[in-house]
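Peer 1: So the protein lines, in turn, are chains A and B.
In this text, residue positions in the first sequence follow my numbering: the first is 3, and each later residue adds one.
In this text, residue positions in the second sequence follow my numbering: the first is 22, and each later residue adds one.
You may find that some hints are simply not true.
[Unchecked claim] Stretch by stretch, here's where chain B covers chain A in the computed footprint (C-beta under 8 angstroms, at least three residues):
1) 18–25
2) 160–171
3) 285–291
[Stated by the list, open to error] In silico DMTMM-like links for lysine to aspartate or glutamate, alpha-carbon gap of 25 angstroms or less:
4) K91(B) with D87(A)
5) K91(B) with E95(A)
6) K30(B) with D166(A)
7) K151(B) with E95(A)
8) K38(B) with D101(A)
9) K151(B) with D87(A)
10) K107(B) with E139(B)
11) K91(B) with D36(B)
12) K38(B) with E26(B)
13) K151(B) with E83(A)
14) K102(A) with D175(A)
Simulated from the structure, these hints should not be mistaken for laboratory data.
The beta carbon of each residue, even a glycine, is placed where N, CA and C say it ideally should be.
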Amino acid sequence: MNGRERILAHLAGKPVDRLPLMPITMQFACDLVGARYGDYAMDHRVLAEGQLRVAEQFDLDYVNTMSDPAREAADCGAAVEFFPDSPAAMVEERALLSDKTALARLRVPDPLGGGRMHNGVKAIALLRERVGRDKLVEGWIEGPCTEAADLRGINTLMLDFFDDPAFVRDLFDFVVAMELRFARAQIEAGAELIGIGDAAASLVGPQIYGEFVQPLEQKLVDGIHALGARVRLHICGNTRFALEGMGRLGCDIVDLDSMSPLDLARARMGPAQILLGNLNPVTVLRDGTRDDVLAGLARCHLQAGPRHIVGAGCEVPRDTPHENLRALADFARSTAATPATPP
Amino acid sequence: MTPIECLFKAVIDGDAKTARIVTADALQAGVPALDLVMEGMMPAMDEAGRRFECSEFFVPELLLSARAMKSALELIRPILAQTGAKPAGRVAVGTVRGDLHDIGKNLVSAMLEGAGFEVVDLGVNVAAEKFIDAVRTKDVKIVAMSALLTTTMESMRTTIEAFRTAGLRDQVRILVGGAPVTQRFADEIGADGYSASAPGAVLLARKAMSGTA
Chain A
3 MNGRERILAH
13 LAGKPVDRLP
23 LMPITMQFAC
33 DLVGARYGDY
43 AMDHRVLAEG
53 QLRVAEQFDL
63 DYVNTMSDPA
73 REAADCGAAV
83 EFFPDSPAAM
93 VEERALLSDK
103 TALARLRVPD
113 PLGGGRMHNG
123 VKAIALLRER
133 VGRDKLVEGW
143 IEGPCTEAAD
153 LRGINTLMLD
163 FFDDPAFVRD
173 LFDFVVAMEL
183 RFARAQIEAG
193 AELIGIGDAA
203 ASLVGPQIYG
213 EFVQPLEQKL
223 VDGIHALGAR
233 VRLHICGNTR
243 FALEGMGRLG
253 CDIVDLDSMS
263 PLDLARARMG
273 PAQILLGNLN
283 PVTVLRDGTR
293 DDVLAGLARC
303 HLQAGPRHIV
313 GAGCEVPRDT
323 PHENLRALAD
333 FARSTAATPA
343 TPP
Chain B
22 MTPIECLFKA
32 VIDGDAKTAR
42 IVTADALQAG
52 VPALDLVMEG
62 MMPAMDEAGR
72 RFECSEFFVP
82 ELLLSARAMK
92 SALELIRPIL
102 AQTGAKPAGR
112 VAVGTVRGDL
122 HDIGKNLVSA
132 MLEGAGFEVV
142 DLGVNVAAEK
152 FIDAVRTKDV
162 KIVAMSALLT
172 TTMESMRTTI
182 EAFRTAGLRD
192 QVRILVGGAP
202 VTQRFADEIG
212 ADGYSASAPG
222 AVLLARKAMS
232 GTA
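Isolated chain A, as found in the complex (with noise of 0.2 angstroms):
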């Protein structure tokens, strides 16, 4: 059973010959290949060989086209500091939509049209053709919350939606017309998965998330799924306010950040929610030993049940060391995943 079988079994409740494995990797695959950070975001051949060494040396089961939030908001024309060597960061005090005015003429970028959309959709067709239908190719786009705050600036928004509903619902309106037609283009260039990375919801509370983010969530998880590909949920941050919500979305994977537990998650998502994650990526997996890797996966596995994907909470951090990655896999390896539970 290759990666893309493996995952794609245990998605679809069928057996597997083990756990699949899919830690989230940027930084650390960009080192990896000897890399700048700066270019691995710019340049779709380099974190493409970033992602298949990383992928080859730790055998896992997929590949991604993750960089940093800002491809799309880049592309709609916002202020975008970019560092040589570490990911690129929004400039809130030239925040693209600090007037709000500017939303009515804002206007979806063509994710085909030479951009940093673009660069992230050849990334996709680049690992696509070298992994062939060995390993699960995954595209990337952003949720509603962290996108519509890489636009208005995130100080803003999270005030907006108490001074101005309605422009927050007109913005996430048009964030996810642009994530499913990015999506689209990189389903179209091979991905079939792709992940909905919404950290900014991990700040606003279960009444924001339930009235604002989640049913844009909902939106961008069927809007997916209507063109055939799958679906994984990553919101960074504490989550327990949101689990329940999340676990309605139908998301073919929730990942979970270390601090929102998987018990908890299990307990209000129901047996059947596949569950990615969630060993501490800072205290554990880079800062602890490889016993100890063990130990913090067993305990997620334990409280995720067979329905589990092996990964970290968050991006394995760039300076992780190499055997504690490995035993991501050994663990992985080690672990058979019978499907108590079909979906």
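Once you have looked at the hints, place chain B on chain A.
Peer 2: Same frame as chain A, but now just chain B:
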């Protein structure tokens, strides 16, 4: 409700307009500015912090309270300055070099202001030299550094080393925080304190000023 109770409620409710009106009316009526701070604003921000710690408030609600607090403080601060009232301490706050994430830093700033500290907000992507300059020129006693990324948290280490090189390490208490930062990392780089939350940062700052941190 008394004017002070009204101010307390307006800050908790995140109602900046009412907070400003209530403050203006109270000052007009002769309520001492310091009473508005000590009995209205500070307890309100303490309460907002408590609600944040126990997940009754989230980031939007805390930012709303901070905005209400600041709208009142704008009226009160000039009066306090005239009376010679001293802040609880002066804190330079910034997100470290290479990092543009500021929401955590802003929450810490707001909570510190709400606790009576004077905040020198150095912004984001702050170089070590800028923190050092704040200590040299602005009589800052506490430096509070924030980082969101595992890569940029290393700038905290280089900033602390720069303070040592400049011969200023003993003159300032250095606090660190941010998603990837841990107590272990804070100890390793020689910080004086670590907090996982904005309300926790206020406790650290109070301890630092009393010489117990």
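Peer 1: Work down the list of hints and note, for each, if the structure agrees.
Peer 2: Hint check:
Only when three residues or more bring their CB closer than 8 angstroms to a CB of chain B does the claim for the region 18–25 of chain A stand; here the count is 0, and the claim is violated. Coverage of the region 160–171 of chain A by chain B holds. Counting CB-CB distances below 8 angstroms, 4 residues qualify, and the rule asks for three or more. Against chain B, the region 285–291 of chain A contributes 3 residues with a C-beta closer than 8 angstroms to a partner C-beta. That satisfies the three-residue criterion, and the hint holds. A C-alpha spacing of about 37 angstroms is found between K91(B) and D87(A), which places the hinted pair above 25 angstroms, so the restraint is violated.
With a C-alpha separation of about 19 angstroms, the suggested pair K91(B) and E95(A) falls inside the 25 angstroms cut-off, and the hint holds. Restraint check: the Cα-Cα separation between K30(B) and D166(A) comes to about 22 angstroms, which is no more than 25 angstroms; the hinted pair holds. For a cut-off of 25 angstroms, the pair hint linking K151(B) to E95(A) stands: about 19 angstroms separates their Cα positions. Restraint check for K38(B) and D101(A): the C-alpha separation of about 22 angstroms stays at or below 25 angstroms, so the hint holds.
For the hint pairing K151(B) with D87(A), the CA-to-CA distance comes to about 22 angstroms; that is within 25 angstroms, so the pair holds. This hinted pair checks out: K107(B) and E139(B) have alpha carbons roughly 9 angstroms apart, not beyond 25 angstroms. This hinted pair checks out: K91(B) and D36(B) have alpha carbons roughly 11 angstroms apart, not beyond 25 angstroms. Taken as a hint, the K38(B) and E26(B) pair is honoured in the structure, with Cα atoms around 15 angstroms apart against an allowance of 25 angstroms.
Straight-line distance between C-alpha atoms of K151(B) and E83(A) comes to about 20 angstroms, which keeps the hinted pair within the 25 angstroms bound. At most 25 angstroms may separate the alpha-carbon atoms for a hinted pair to count; K102(A) and D175(A) meet this at roughly 14 angstroms.
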